[in-house]
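K.L.:
Chain by chain, the residues:
Number of protein chains: 2
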Amino acid sequence: MFAEIITIGDEILIGQIVDTNSAWMAKQLNLIGIKVKQITSVSDDEAHIMEALQLAEERAEIILITGGLGPTKDDITKLTMAKHFGMGFRRDEETLKNVTNIFARLNRPMIDVNIRQADVPDGCVVIQNKNGTAPCMWFDHHGKIFVSMPGVPHEMMYLMDEEILPRLKASFELPSIVHKTILTAGLGESFLAQQIAAIEESLPAHIKLAYLPRLGQVRLRLSASGANEEVLKAEVQTYAQQIIAELKSYVMVEDDVPLEKAILDLMTARKLTLSTAESCTGGYIAHLITQHPGCSAVYAGGAVSYSYELKESMLGVKPDTLNTFGAVSEQTVLEMAAGAVKHFNTDYAVAVSGIAGPDGGTAEKPVGTVWIAVASKIDVQAKVFKFGNKRIQNIERSASAALTMILSRLKQDHN
Amino acid sequence: MFAEIITIGDEILIGQIVDTNSAWMAKQLNLIGIKVKQITSVSDDEAHIMEALQLAEERAEIILITGGLGPTKDDITKLTMAKHFGMGFRRDEETLKNVTNIFARLNRPMIDVNIRQADVPDGCVVIQNKNGTAPCMWFDHHGKIFVSMPGVPHEMMYLMDEEILPRLKASFELPSIVHKTILTAGLGESFLAQQIAAIEESLPAHIKLAYLPRLGQVRLRLSASGANEEVLKAEVQTYAQQIIAELKSYVMVEDDVPLEKAILDLMTARKLTLSTAESCTGGYIAHLITQHPGCSAVYAGGAVSYSYELKESMLGVKPDTLNTFGAVSEQTVLEMAAGAVKHFNTDYAVAVSGIAGPDGGTAEKPVGTVWIAVASKIDVQAKVFKFGNKRIQNIERSASAALTMILSRLKQDHN
Numbered sequence: 104m105f106a107e108i109i110t111i112g113d114e115i116l117i118g119q120i121v122d123t124n125s126a127w128m129a130k131q132l133n134l135i136g137i138k139v140k141q142i143t144s145v146s147d148d149e150a151h152i153m154e155a156l157q158l159a160e161e162r163a164e165i166i167l168i169t170g171g172l173g174p175t176k177d178d179i180t181k182l183t184m185a186k187h188f189g190m191g192f193r194r195d196e197e198t199l200k201n202v203t204n205i206f207a208r209l210n211r212p213m214i215d216v217n218i219r220q221a222d223v224p225d226g227c228v229v230i231q232n233k234n235g236t237a238p239c240m241w242f243d244h245h246g247k248i249f250v251s252m253p254g255v256p257h258e259m260m261y262l263m264d265e266e267i268l269p270r271l272k273a274s275f276e277l278p279s280i281v282h283k284t285i286l287t288a289g290l291g292e293s294f295l296a297q298q299i300a301a302i303e304e305s306l307p308a309h310i311k312l313a314y315l316p317r318l319g320q321v322r323l324r325l326s327a328s329g330a331n332e333e334v335l336k337a338e339v340q341t342y343a344q345q346i347i348a349e350l351k352s353y354v355m356v357e358d359d360v361p362l363e364k365a366i367l368d369l370m371t372a373r374k375l376t377l378s379t380a381e382s383c384t385g386g387y388i389a390h391l392i393t394q395h396p397g398c399s400a401v402y403a404g405g406a407v408s409y410s411y412e413l414k415e416s417m418l419g420v421k422p423d424t425l426n427t428f429g430a431v432s433e434q435t436v437l438e439m440a441a442g443a444v445k446h447f448n449t450d451y452a453v454a455v456s457g458i459a460g461p462d463g464g465t466a467e468k469p470v471g472t473v474w475i476a477v478a479s480k481i482d483v484q485a486k487v488f489k490f491g492n493k494r495i496q497n498i499e500r501s502a503s504a505a506l507t508m509i510l511s512r513l514k515q516d517h518n
Numbered sequence: 104m105f106a107e108i109i110t111i112g113d114e115i116l117i118g119q120i121v122d123t124n125s126a127w128m129a130k131q132l133n134l135i136g137i138k139v140k141q142i143t144s145v146s147d148d149e150a151h152i153m154e155a156l157q158l159a160e161e162r163a164e165i166i167l168i169t170g171g172l173g174p175t176k177d178d179i180t181k182l183t184m185a186k187h188f189g190m191g192f193r194r195d196e197e198t199l200k201n202v203t204n205i206f207a208r209l210n211r212p213m214i215d216v217n218i219r220q221a222d223v224p225d226g227c228v229v230i231q232n233k234n235g236t237a238p239c240m241w242f243d244h245h246g247k248i249f250v251s252m253p254g255v256p257h258e259m260m261y262l263m264d265e266e267i268l269p270r271l272k273a274s275f276e277l278p279s280i281v282h283k284t285i286l287t288a289g290l291g292e293s294f295l296a297q298q299i300a301a302i303e304e305s306l307p308a309h310i311k312l313a314y315l316p317r318l319g320q321v322r323l324r325l326s327a328s329g330a331n332e333e334v335l336k337a338e339v340q341t342y343a344q345q346i347i348a349e350l351k352s353y354v355m356v357e358d359d360v361p362l363e364k365a366i367l368d369l370m371t372a373r374k375l376t377l378s379t380a381e382s383c384t385g386g387y388i389a390h391l392i393t394q395h396p397g398c399s400a401v402y403a404g405g406a407v408s409y410s411y412e413l414k415e416s417m418l419g420v421k422p423d424t425l426n427t428f429g430a431v432s433e434q435t436v437l438e439m440a441a442g443a444v445k446h447f448n449t450d451y452a453v454a455v456s457g458i459a460g461p462d463g464g465t466a467e468k469p470v471g472t473v474w475i476a477v478a479s480k481i482d483v484q485a486k487v488f489k490f491g492n493k494r495i496q497n498i499e500r501s502a503s504a505a506l507t508m509i510l511s512r513l514k515q516d517h518n
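The listed protein sequences derive, respectively, from chains A and B.
All residue numbers for the first sequence refer to the numbering used here, where the first residue is 104 and numbers rise by one.
All residue numbers for the second sequence refer to the numbering used here, where the first residue is 104 and numbers rise by one.
The hints are simulated quantities; they were obtained by calculation from the structure and are not laboratory data.
Heads up, some of the hints might be wrong.
Any copy, or any two copies together, can satisfy a pair, since identical chains are not distinguished.
Derived lysine-lysine pairs resembling BS3-like cross-links, with alpha carbons at most 30 Å apart [said to hold, decoys possible]:
hint: 1; residue 1: 138; residue 2: 486
hint: 2; residue 1: 445; residue 2: 421
hint: 3; residue 1: 480; residue 2: 421
hint: 4; residue 1: 468; residue 2: 200
hint: 5; residue 1: 364; residue 2: 480
hint: 6; residue 1: 364; residue 2: 489
hint: 7; residue 1: 468; residue 2: 374
hint: 8; residue 1: 138; residue 2: 186
hint: 9; residue 1: 233; residue 2: 486
hint: 10; residue 1: 176; residue 2: 351
hint: 11; residue 1: 336; residue 2: 272
hint: 12; residue 1: 514; residue 2: 480
hint: 13; residue 1: 493; residue 2: 130
hint: 14; residue 1: 311; residue 2: 186
hint: 15; residue 1: 311; residue 2: 486
Bound-form chain A, shown alone:
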């Protein structure tokens, strides 16, 4: 069973935005046993869109289309799909209600182009888009499925999760697919592969192991494909346990959740609290944590102490420490973490101070030097990392290393 993804819109072709939708969609499709044959980005041009639809239909059974559904005249996806299928238009009353409600909620007057968002090709099934005014349209054309969705990521994701994926599962006989993900940290991809080589070689043909490295972590994903879901689950579980036993403390989470979610789950269960003291990560760790609903049971808050002054006033770092050792030093980061535990009255705290770059490095402390400390009410420990010279990556890798340190520490203290 093959799908193709077509993204419509000039913004991708002029390089204004990176197409993150396609990777997300491809991942979800693979998870339910639908392979993606091709991803195609085309411009808002009728002839070109029609050619792309035609070619995709020749290669795949499912064609998912995003973009080009806005109210302005450069958005021509809807018109082009109707032309491609030889359909006329009808006004969809449910869509009109949805659009009217959205405008009422925003307290904005509706104009003619907004009303026309409710006009859809008369042969499609409309799937209501609760998060926006552009309707999602499902076409069943000679047994091939075409779905046109808005390109706004959260609208597309919600529609995929709630509507499209369940309908695809119901429309086709798909194999059962069972995945199991193990999150590791502290060992590179090739070393991991070496350590579990015997297990990998013993895998039967219907079970695959993928290495997904990112930011100093490697996710190991076992994927089994077959007829009986329960059998597959048991098989995957057996191999997963072998891998976990082999990799021991390199295993951070025996599940497909991000590090900060694993931390929140463990701390919630044990009624522990956490705070943060961030310099070079600039609030990114706090942001990762507070993305998750229910984090307030664990997370009290923290300091983004960019300046020397705020490291002193918010965290109680001694001026002497800063002047003698500098902001990026073991001494400073230890005081930051201990200060956070004390001032924010939490069980644990993590502190990060480093040189994210691109400027500010010295021979002794080059760009990419990052100190991270984890403190409890009893003690505090620090570690230094040497990352590269890219600012954004340094921020992300620092956050990832900090979360790894917290989780390792929590496992030591509370397992």
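Starting from the known structure of chain A, arrange chain B on it as the hints suggest.
P.N.:
Just chain B now, with coordinates in the frame of chain A:
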């Protein structure tokens, strides 16, 4: 002049990685006047790659291909290109030298597959890849240019910048392309379109206007294509000024930079300082600001005050205020912002307190209710927003609204 980009490799089609290469390449091509007609991602499959090459050649003059050049047996781009062009292979001595040097530097033994990286289709021009072992191959086939590059981003970028783009400029007579982006906030896409309809209709055929909406902001992009760059710049500037005059205070930035960068630029120029006091945005505003190099000249830091206690201890919010009005209230957010200016000793501060959801809403304050305040040393003003019920989007929209409020305020005070 059209180009197409073909990315080869399963990792994109299974959603393992996001294809950031294509957007980068498309941007560089557009800047030198080469439009990208289509971006296509295909798997490591001979028939599929050959079909993609064939179709791309029918639509475009330049075909840039990335990926599938590794030493392992799933990498078949080189073999497939030779087959497509009906070429044999020759050993390229320069490439062999490069590969040998790289292995010597890494102190690793070379094996047969590494030596075979120096075998190239005999009709191509080899461009040396200084950053890796896979050679870059340039084919001139009946006046159409095909370039096969490695998919590793930094290898591809270096080759594009140093070799491919200069050679393309030398190979074709390219038009000049001029873009101008205006960032607006506070008015939806369709209302913007209505307000500038007369200007849009007056645009000549060679100037296009695009609407790029995101998180309550809309970017307006004028793109002009023609022979004389100076003439185009003047034309685009004229239309941009008409749009700016028409939209007045809805225009946030007359340039293609994110809001927080515009804030940093304005505040750096005027030697002003900023701090943040975040509750529901949980450090996300701080993160947006601190992504940018040089932010420390403006940004002192801030509080992520998730708990009542930290709102009191870090920002000086009165317990009475919290108990009487609650954390999500005008009174609390005013005290948070004023407290940040005072405690963090900055010229300005922004504070956000809201209910990001999915839980925690009440009839009076439903999920999505967000109060935002901006304070200077002189006064403080707050505004309430009603967003939706999605946590991540509420965080993003709150940050976007907060940044819009800061920038509007700065423009009032310092224009």
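K.L.:
How do residue 138 and residue 186 come out at 30 Å by Cα distance, when the copy is not named: within, between, both, or neither?
P.N.:
both (28 Å within a copy, 26 Å between copies)
K.L.:
Give the relationship of residue 468 and residue 374 under a CA distance limit of 30 Å: within one copy only, between copies only, both, or neither.
P.N.:
between (38 Å within a copy, 28 Å between copies)
K.L.:
As a check of your reading, is residue 311 near residue 186 (CA-CA no more than 30 Å) within one copy, between copies, both or neither?
P.N.:
between (41 Å within a copy, 24 Å between copies)
K.L.:
For residue 445 vs residue 421, is the C-alpha pair at or below 30 Å within one copy, between two copies, both, or neither?
P.N.:
Cα proximity of residue 445 and residue 421: in one copy and across copies (14 Å, 21 Å).
K.L.:
When Cα atoms must be at most 30 Å apart, do residue 311 and residue 486 count as within-copy, between-copy, both, or neither?
P.N.:
neither (36 Å within a copy, 53 Å between copies)
K.L.:
I want to check one pair: residue 364 and residue 489. Are their C-alpha atoms no more than 30 Å apart within a copy, between two copies, both, or neither?
P.N.:
both (25 Å within a copy, 27 Å between copies)
K.L.:
Evaluate residue 493 and residue 130 at a C-alpha cut-off of 30 Å and name the case that applies: within, between, both or neither.
P.N.:
both (27 Å within a copy, 20 Å between copies)
K.L.:
Tell me, please, which holds for residue 176 and residue 351 at an alpha-carbon limit of 30 Å: within, between, both or neither?
P.N.:
Only across copies: residue 176 and residue 351 sit 23 Å apart there, 58 Å inside one copy, limit 30 Å.
K.L.:
Pop the pair residue 336 and residue 272 into one bin, within, between, both or neither, using alpha-carbon distances up to 30 Å.
P.N.:
Answer is within; shortest intra-copy Cα gap is 19 Å, inter-copy 52 Å.
K.L.:
Check residue 364 against residue 480 for me: Cα-Cα at most 30 Å, and say if that holds within a copy, between copies, both or neither.
P.N.:
Classified as within; 22 Å inside a copy, 39 Å across copies.
K.L.:
Within, between, both or neither: how does the pair residue 480, residue 421 come out at a Cα-Cα threshold of 30 Å?
P.N.:
both (19 Å within a copy, 27 Å between copies)
K.L.:
Pop the pair residue 514 and residue 480 into one bin, within, between, both or neither, using alpha-carbon distances up to 30 Å.
P.N.:
Cα proximity of residue 514 and residue 480: one copy only (16 Å, versus 46 Å across).
The structure is inconsistent with the numbered hints 1 and 15, although it conforms to all the rest.
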